[in-house]
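Asker: So the chains spell out like this:
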Amino acid sequence: MKKKIYLDYAATTPVDPRVVKAMLPYFSKKFGNTMSLHSFGQEAKEVLEESRETIANFIGAKPNEIIFTGSATESNNLTLKGIALANKDRGNHIIISSIEHPCIMESAEWLESQGFEITRLKVDKYGLVDPEDVKKAIKENTILVSIMHANNEIGTIEPIEEISKIIKSQISNLKSQIYFHTDAAQSFGKIPIDVNKMNVDLLTASSHKMYGPKGAAILYIREGTKISPLLHGGGHEAGLRSSTVNVAAIVGFAEAVKICQKEMKKEAQREIKLRDKLIKGVLEKIPGSYLNGHPKKRLPNNVNFSFPGVEGESLVIQLDLLGIAASTGSACSSEKLEPSHVLLAIGLRPEQAHGSLRLSLGRWTTEKEVNYVLKVLPKVVEKLRKISPFKTRS
Amino acid sequence: MPIYSKEIIKHFKEPKNVGKIKKPDGKGEAGNILCGDIMRLYLKIGENKKGEKIIEDVKFETLGCIVAIANTSLLTTLVKGKTINEALKIKKEDLVKRLGQPLPIFKIHCSVLAVDALKEAIYDYYSKNKIEIPENLEKEHQRIIRIKEELEKRYKGFQAFEKEILE
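Residue numbers (the numbering used here), protein chains in the order written: chain A, 541 to 934; chain B, 46 to 212.
Don't take every hint at face value.
[Said to hold, decoys possible] Just a few of them, taken from the derived set where beta-carbon distance is under 10 Å, the chain B residues facing chain A:
no., residue
1, Ile78
2, Lys95
3, Ile99
4, Leu108
Keep in mind that the hints were calculated from the coordinates and are not lab data.
C-beta: ideal position from N, C-alpha, C; glycine also.
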């Protein structure tokens, strides 16, 4: 079989060989527990703090504002539940967008069942949150706003700076504290992030979406933020996340950040070229196809199409048989049978959402691979349309 | 273990009996555009030497996931040449078994649809030719109709919409 083409970097990325090399000593040689007093422990503690500093520098934060967690899901759960519990004497209202990752959507739903009040903001046809809607939604009892930096399915980049300006102006009107969190799991390492420029109080980022290992993530928490831990125990991570520290994964995460620091800008330019070639080619070659998400305000590596008359899972499996790994917002692979909440929120009808395909590019995507996709994809869509009773088949 | 069996992949890659029959003796539809799976089955009915009604030809069209496509394809190969009574005996469990691996529960839905479309096509043939409809088939028909009506209630206008986008 010929070489496989991986176009699902938004799901997870391969670990960069440079990262693997940096991690290796921390499995069997420098394996110490960061809490131990002896030299093994000191060695682990030292590299943990170095890693924290590297990542803090990358986003303009202070090292003591970075908490290591096990996943972006954990960071997002910690944000919603931790802020809710620590600030419930001040208010019980939380604002999120309607296209957040399921770990935010479902944490919010759970908080709702515990008596908190949740506002889910609508988005426009590109998936953009209107900052004015945030302003209108803020009330005296609002304690937290959480809007993702970039969407995982359609790649739309939200106007975080503008939203934060509006929140800060409302804070001075209401004279109460409203925390602003952004889930940057998809954007971290792909586009510049500065917590002060974005003026966020909390930010989530993950290692395995940017060529680091799985099992490491961060939550940036601005100094002075009131938040409760979810995991109690040994008091690791300033008491906010008790658990023996996963040193090897964190070292890998920091190494992945160092690489992005050097290569991100150039890499983004390269990926944007490939992305736009893919978009243009597919829209030209496949009748009835259209792009989901914003044409410009989107991640350098994200492409998301709908092909009416085709079901997404069939499309993904057919592409897989031809060596191309992609993803869909169709529901047949999920237990709910309902298509993606993101695609429905941007106004797609269920059958349009069922016919969606996400291709996400990355560090090892080549122009040759993009050309292969442009050759194969139109044929696959045509084949599936021939089987289906859909009208515009050619 | 791969998600799908060889048998499913085989039918998915090269589905059998795809297409339409012009002026079919019976036509059936199951599933709906909202859940993402919709299938149509066309029948040409003949007679065997004993004078029993048989399915002389069968064709299908499916907009749906891999399991939906594989199921309909498999079903058409099973019923071709069979008497109507034999065809009516095929259950979704038979399809699931032949496709060679236990499906996740939520995927069973896709194999129900193929069997439903066949029943609807036979029902259509019976009613067009004023043949008495067996009690069981009538029950099944009412069930399939009810699902459509419930969906129409929940998502107003979806039937008109289906007509608009499907041939």
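Asker: Which of the stated hints cannot be reconciled with the structure, identified by number in ascending sequence?
Answerer: Structure breaks hints 2 and 3.
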